[in-house]
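Participant: Let the sequences and hints guide you as you build the complete structure.
Protein chains: 2
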Amino acid sequence: MVGIEEVAALAGVSTATVSRALRGKDHVSAKAQAKVEDAARELGYVASSSAATLATGRTQNIGVVLPYIDRWFFSVILEAIETELIDHGYDLTLYNLSGGEKQRKKIFDELLLRKRVDGVLAIAVNPTEAELANLNRMHKPIVGIGGPVKGARSITMDDVAAGKLATEHLLSLGHTRIGMIGGLPNADEEFGQPGLRYYGYAEAMKEAGLTINENWVAECDFTIPGAYVVAKQLFTDLRNSPSAVFCASDEMAFGAIMAAKDLGLEVPKDLSVVGIDDHNLSEFYGLSTIAQKPAEQGRAAVKTLLDILALPNAEDHDNVEEKKEWPVKLVVRASTAKFAKR
Amino acid sequence: MVGIEEVAALAGVSTATVSRALRGKDHVSAKAQAKVEDAARELGYVASSSAATLATGRTQNIGVVLPYIDRWFFSVILEAIETELIDHGYDLTLYNLSGGEKQRKKIFDELLLRKRVDGVLAIAVNPTEAELANLNRMHKPIVGIGGPVKGARSITMDDVAAGKLATEHLLSLGHTRIGMIGGLPNADEEFGQPGLRYYGYAEAMKEAGLTINENWVAECDFTIPGAYVVAKQLFTDLRNSPSAVFCASDEMAFGAIMAAKDLGLEVPKDLSVVGIDDHNLSEFYGLSTIAQKPAEQGRAAVKTLLDILALPNAEDHDNVEEKKEWPVKLVVRASTAKFAKR
DNA sequence: CTGAAAGCGCTTACAG
DNA sequence: CTGAAAGCGCTTACAG
Numbered sequence: 068m069v070g071i072e073e074v075a076a077l078a079g080v081s082t083a084t085v086s087r088a089l090r091g092k093d094h095v096s097a098k099a100q101a102k103v104e105d106a107a108r109e110l111g112y113v114a115s116s117s118a119a120t121l122a123t124g125r126t127q128n129i130g131v132v133l134p135y136i137d138r139w140f141f142s143v144i145l146e147a148i149e150t151e152l153i154d155h156g157y158d159l160t161l162y163n164l165s166g167g168e169k170q171r172k173k174i175f176d177e178l179l180l181r182k183r184v185d186g187v188l189a190i191a192v193n194p195t196e197a198e199l200a201n202l203n204r205m206h207k208p209i210v211g212i213g214g215p216v217k218g219a220r221s222i223t224m225d226d227v228a229a230g231k232l233a234t235e236h237l238l239s240l241g242h243t244r245i246g247m248i249g250g251l252p253n254a255d256e257e258f259g260q261p262g263l264r265y266y267g268y269a270e271a272m273k274e275a276g277l278t279i280n281e282n283w284v285a286e287c288d289f290t291i292p293g294a295y296v297v298a299k300q301l302f303t304d305l306r307n308s309p310s311a312v313f314c315a316s317d318e319m320a321f322g323a324i325m326a327a328k329d330l331g332l333e334v335p336k337d338l339s340v341v342g343i344d345d346h347n348l349s350e351f352y353g354l355s356t357i358a359q360k361p362a363e364q365g366r367a368a369v370k371t372l373l374d375i376l377a378l379p380n381a382e383d384h385d386n387v388e389e390k391k392e393w394p395v396k397l398v399v400r401a402s403t404a405k406f407a408k409r
Numbered sequence: 068m069v070g071i072e073e074v075a076a077l078a079g080v081s082t083a084t085v086s087r088a089l090r091g092k093d094h095v096s097a098k099a100q101a102k103v104e105d106a107a108r109e110l111g112y113v114a115s116s117s118a119a120t121l122a123t124g125r126t127q128n129i130g131v132v133l134p135y136i137d138r139w140f141f142s143v144i145l146e147a148i149e150t151e152l153i154d155h156g157y158d159l160t161l162y163n164l165s166g167g168e169k170q171r172k173k174i175f176d177e178l179l180l181r182k183r184v185d186g187v188l189a190i191a192v193n194p195t196e197a198e199l200a201n202l203n204r205m206h207k208p209i210v211g212i213g214g215p216v217k218g219a220r221s222i223t224m225d226d227v228a229a230g231k232l233a234t235e236h237l238l239s240l241g242h243t244r245i246g247m248i249g250g251l252p253n254a255d256e257e258f259g260q261p262g263l264r265y266y267g268y269a270e271a272m273k274e275a276g277l278t279i280n281e282n283w284v285a286e287c288d289f290t291i292p293g294a295y296v297v298a299k300q301l302f303t304d305l306r307n308s309p310s311a312v313f314c315a316s317d318e319m320a321f322g323a324i325m326a327a328k329d330l331g332l333e334v335p336k337d338l339s340v341v342g343i344d345d346h347n348l349s350e351f352y353g354l355s356t357i358a359q360k361p362a363e364q365g366r367a368a369v370k371t372l373l374d375i376l377a378l379p380n381a382e383d384h385d386n387v388e389e390k391k392e393w394p395v396k397l398v399v400r401a402s403t404a405k406f407a408k409r
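Order-wise, the sequence lines are chains A and B. Residues in the first sequence are numbered from 68 upward in steps of one, following the working numbering. Residues in the second sequence are numbered from 68 upward in steps of one, following the working numbering.
These aren't lab readings, by the way, just hints derived from the structure by calculation. Hints should not be assumed to be uniformly reliable.
In this list, chains with the same sequence are indistinguishable; a pair is considered to hold if it fits within one copy or across any two.
Said to hold, decoys possible - Here are the computed lysine-lysine pairs in the DSS-like style, where the Cα-Cα straight-line distance is at most 27 angstroms:
1) Lys-98 x Lys-405
2) Lys-217 x Lys-172
3) Lys-173 x Lys-217
4) Lys-173 x Lys-98
5) Lys-336 x Lys-390
6) Lys-328 x Lys-173
7) Lys-370 x Lys-217
8) Lys-328 x Lys-299
Only a predicted model underlies this, so the values are computations on that prediction, with no experimental measurement involved.
Facilitator: Structure, rendered in structure tokens:
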């Protein structure tokens, strides 16, 4: 395990000069620079990050907290964040909240605070007041994605607007018998996104002067199989069923499309389907959807966080509430079409 | 930022006693223990991990290296590993290799060696000799999953056996016109799994005295859309097409099933399909497949790695080649049936 | 069982 | 531009 002393000895300079040369912060004579670089290379020297952290107070490490990994939105965003952090010389420590309350407590009360990370990225995780207070006490900035974080910065799309935009697309095509698959307002997700998307749907329907048929609104667990089952229920009576369905996620839309197919309904001739996400399989399914570009959201969040960390004063690292709205776009493909009697 | 000194002062003991009480390693009198715990709680003290690492040489952190996150196998295994590590008091630092050669070099030559991790878990990543030599120099154990690691321990299923088992299942049902979708032997994946699975298929066919029809073997990128396209090609001439297809992954099997459906073929009446993985959607698709249980593989790898790290002598941390075969099981569902003329 | 003190390996203000 | 030295905040062998 070669240390800085050995490099200094081989290069014939002090450890201070080695440190300066290798970090490239202070000026070092070209000659010393070269000697140090040669020595470091020859010995295969890599600085110990714990020693550097202890001396500087910076870990060059970001904690990422999320509730799932094995879901499209999360895995895409995680991959983008990781690449972006590495590019900026940061490591990523992963904290998955799937382990329940006890694990969450451990993560927020111990791990994140063990001076292990310089900042936190919270993906669809809403810290409690106490959790945030702890972070503030340590001057650890946190940036949220996938939902607004109370008392801190976040980047998130407007779920109500997304639901409304999707529904209005169906309305614009002449549909009036519009169902919805997704979460109802009381769903206990971290931010109630499912509910928010429902509100957008309800708002659009109301503005169009239409009433919602409650038999055509189905709660669902955001999975393909779940939506498949639920979608079939919407069509128990083909003489009285929706001509269009808004699904609160693309995966549910895939399930709905498959269910329709298996019932002998043609999409979009007999049924229009629109989702939210722009999943990487949406093009394959020809799904019209609301794109939310998670990879770009992730990169933007990394930039926000690193910009804060670049500020020299610790007070500037304090968390302040600041919502940045992420733009949302309708992508029209083959799963939606003008209403036609079937 | 409260440190150990403040806790010691409040508890009226030395920092040595605080450390001992909080780590629970050496014996401490019940009275001192209580005083320290109270003081630590009152101050919200959490030890600095960089200081602890510097003093002990242990980071309590494991580096996980993988080529993708946004793929079923990888996200499932990652989630399982993370939970298991947290349970054992370890953090997980994520290194995704999707950033190309330069990023890989940075990861293996700098990040992993910055004394940041105690050990490495490599998922479907095969370190080069030089990369492994670096790890060995630092006495960092590495355990591989999803492919054998040359010169180190690994847990991996036998891809040839899996391909053979899947093909034999089709043979046992009376099929002789068996196609395959997946990688050909020359595919440049890290370990050539695609090729290995093909060899299993070829071996089974040969042992059954059958020759392979090259028009029925299609290379594919392991995605659903890719397999959909390729599967349709297998059925350009329905009078002369396979009655069964072995797909080297479940996602490709899903694509094949959809393609068959869209062509008006019934699965399994007109076409039997078998995959490899036991993807979480396989039950939904009724897919017969070879289960490889990535979450369990991940947990087993964590156990192997932590067991090594628990050995007190640094030499015991050295890497030795040791392949542990992961058992594989055929799961029969609704996508395979006895051969029948169509 | 407990404390004083050395030491882990860096970084950086200070002095030159 | 460079070096000697203090200091970051823990842990642990040593002595008592």
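Participant: Would you mind marking each hint as holding or not holding in the structure?
Facilitator: Okay, the hints, checked on the actual structure:
For a Cα distance limit of 27 angstroms, the shortest separation of Lys-98 from Lys-405 qualifies neither inside one copy, at 74 angstroms, nor across copies, at 78 angstroms. For a Cα distance limit of 27 angstroms, the shortest separation of Lys-217 from Lys-172 inside one copy, 18 angstroms, qualifies, whereas the shortest one across copies, 39 angstroms, does not. Taking the shortest Cα distances, Lys-173 and Lys-217 sit within 27 angstroms of each other inside one copy (21 angstroms), while across copies they are farther apart (37 angstroms). For the homomeric pair Lys-173 and Lys-98, the shortest alpha-carbon distance between copies (26 angstroms) is at most 27 angstroms, but the shortest distance inside one copy (50 angstroms) is not.
Proximity of Lys-336 and Lys-390 under a CA criterion of 27 angstroms is satisfied in neither setting, with 40 angstroms inside one chain copy and 55 angstroms between copies. For the identical chains of this complex, Lys-328 and Lys-173 are neighbours neither inside a copy (47 angstroms) nor across copies (49 angstroms), given an alpha-carbon limit of 27 angstroms. In this assembly of identical chains, the alpha carbons of Lys-370 and Lys-217 lie at most 27 angstroms apart only when taken from the same copy (20 angstroms versus 38 angstroms across copies). Proximity of Lys-328 and Lys-299 under a CA criterion of 27 angstroms is satisfied in both settings, with 10 angstroms inside one chain copy and 18 angstroms between copies.
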